[in-house]
Structure formats: C-alpha cells, structure tokens
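Novice: What follows is the residue order along each chain.
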Amino acid sequence: ETGVTQSPTHLIKTRGQQVTLRCSSQSGHNTVSWYQQALGQGPQFIFQYYREEENGRGNFPPRFSGLQFPNYSSELNVNALELDDSALYLCASSLIMAGASGYTFGSGTRLTVV
Amino acid sequence: DQQVKQNSPSLSVQEGRISILNCDYTNSMFDYFLWYKKYPAEGPTFLISISSIKDKNEDGRFTVFLNKSAKHLSLHIVPSQPGDSAVYFCAASVAGYGGSQGNLIFGKGTKLSVKP
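Line order of the protein sequences matches chains D and A.
Numbering of the first sequence is given in the numbering used here, commencing with residue 10 and proceeding in unit increments.
Numbering of the second sequence is given in the numbering used here, commencing with residue 40 and proceeding in unit increments.
In case anyone wonders, no lab produced these hints; they're calculated from the structure.
The beta carbon of each residue, even a glycine, is placed where N, CA and C say it ideally should be.
A couple of the hints might just be wrong.
[Claimed, not checked] Simulated restraints on C-beta separations: (1) D/47 with A/49: 11 to 21 Å; (2) D/12 with A/155: 26 to 36 Å; (3) A/44 with D/110: 20 to 30 Å; (4) A/113 with D/69: 22 to 32 Å; (5) A/54 with D/25: 47 to 57 Å; (6) A/55 with D/92: 38 to 48 Å; (7) A/96 with D/23: 46 to 56 Å; (8) D/25 with A/120: 44 to 54 Å.
All chains, full assembly: derive it from the sequences and hints.
Specialist: Here it is in structure tokens:
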C-alpha cells in the first residue's frame, strides 16, 4: 500500500507570485485534507476535499484554493503569495468515514516566500 | 485564541521512565481527541485517540487520559524508549464540524527527548 506523496518537497517563491502544491493520496483513500504548519506552530486546517468538492474550510482567505481529481489526488493553489505564507504544507488522505484517526500525512512541502 | 494548548515546548526523560505529555483545551464542543507523533522531515503519524465519552484509552505503551471537567488530557508513555524521541501534537475535533469530519485543531507540540 503506497503512502501519501507530496511534491515538490521544497520551493522558493517571490511575494505576489502564485504556487501549486500537489498531493497523491494513499491507495483506497477518498478524502484529502490540507494543513499549513508555520514555524513553531501546530498544523492549521486549510480545507478538505471529498468527491472532488470542498467539504469544509478553515480560516483561510479565498486566495487559498484547491482541487481534487477523480483519482483522489489533490492540488493546493495559493495566489498573491505573502511572506506569512512561508510554512510547511501538509496533505493528509483518509477515508471519509474513518475520520482523523485514519489520516495518513505526507512529508509536506516547505514553501519559502521571499 | 488558542483552543488547544501544549504548554511545555520540550520534555526530557530517561530511558525506561514514564513520559507524561499534557494538553489543555478551551472549547467544550470538542468531542474527539488525538495524539500524533512527528519525526523530522516526516509527516505526523497517528498515535492514539480518545472519545469524550471515555476517560482512558490504552494501546500498548501509550495511554491517553481525559479529564473533561478540567478540559485536560495527557499522554503517558511507559516505558519510554529512545525511539520515542519526536514532537508530539495534541489535536481535537468536533464531529461533523463545518461539514468536515477531519477538521483538527492542533496544539503547538511538545518535543520529547528520551535519553539512553
């Protein structure tokens, strides 16, 4: 059984640019959740996707958007990057009925905005 | 406003002894609590959970205790092993919150170091 794969592992962007992060969910999982972990903080919920629809959203502005594809993989898009967007972005896949105890997290994408 | 607080950024314990990691929460609507372990350069991995209808859940060396009146939970690791050295996150959720079963509120984490 494959785990959750995130790409890229690291990237550096300039303020104002746009970025797309990718997540391949674990085989058999149908739900993807995205979290932002700033330095010294715990992960913060961005949104969750189930059946290609947004299934809940945290306190993040609309410039954070996502997609889920028919194969359950997902993208996180961030427009108009700000310095405070620098963080580790974690993706977690699960089965919708398993809840958070069934989360499998990827290793994350480290985004640095300069 | 932090709804889940882990007030100890770090904890150092001798191998074989007990490690106790603490977590406090403020939202009385939370009904499910989880602990995750995170090694450097890896994603968090689920460790153990507890529903608000219970006050204790045990899994091998790991036990989580929940005190709802005090809005406090703790993770006990007995005996502690060097491989347990990691950052431990406490997380809480409300089932069905915002339509998302997986909307977790995390604490800032406690870095556990188990010395041989």
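Novice: Next step is simple, just say for each hint if it's right about the structure.
Specialist: Quick rundown of the hints versus the structure:
At roughly 18 Å, the beta carbons of residue 47 of chain D and residue 49 of chain A sit within the given window of 11 to 21 Å. The beta-carbon spacing between residue 12 of chain D and residue 155 of chain A, approximately 30 Å, falls within the hinted interval of 26 to 36 Å. Look at residue 44 of chain A against residue 110 of chain D: about 21 Å separates their beta carbons, and that is inside 20 to 30 Å. The hinted range of 22 to 32 Å is satisfied by residue 113 of chain A and residue 69 of chain D, whose Cβ atoms lie roughly 31 Å apart.
In this structure the hint that residue 54 of chain A and residue 25 of chain D lie 47 to 57 Å apart at CB holds, the actual value being about 50 Å. A hinted range of 38 to 48 Å for the beta carbons of residue 55 of chain A and residue 92 of chain D is consistent with their spacing of about 45 Å. For the pair residue 96 of chain A and residue 23 of chain D, the supplied restraint of 46 to 56 Å holds, since their beta-carbon distance comes to about 47 Å. Look at residue 25 of chain D against residue 120 of chain A: about 48 Å separates their beta carbons, and that is inside 44 to 54 Å.
Going down the numbered hints, you'll see the structure goes against none, and every one checks out.
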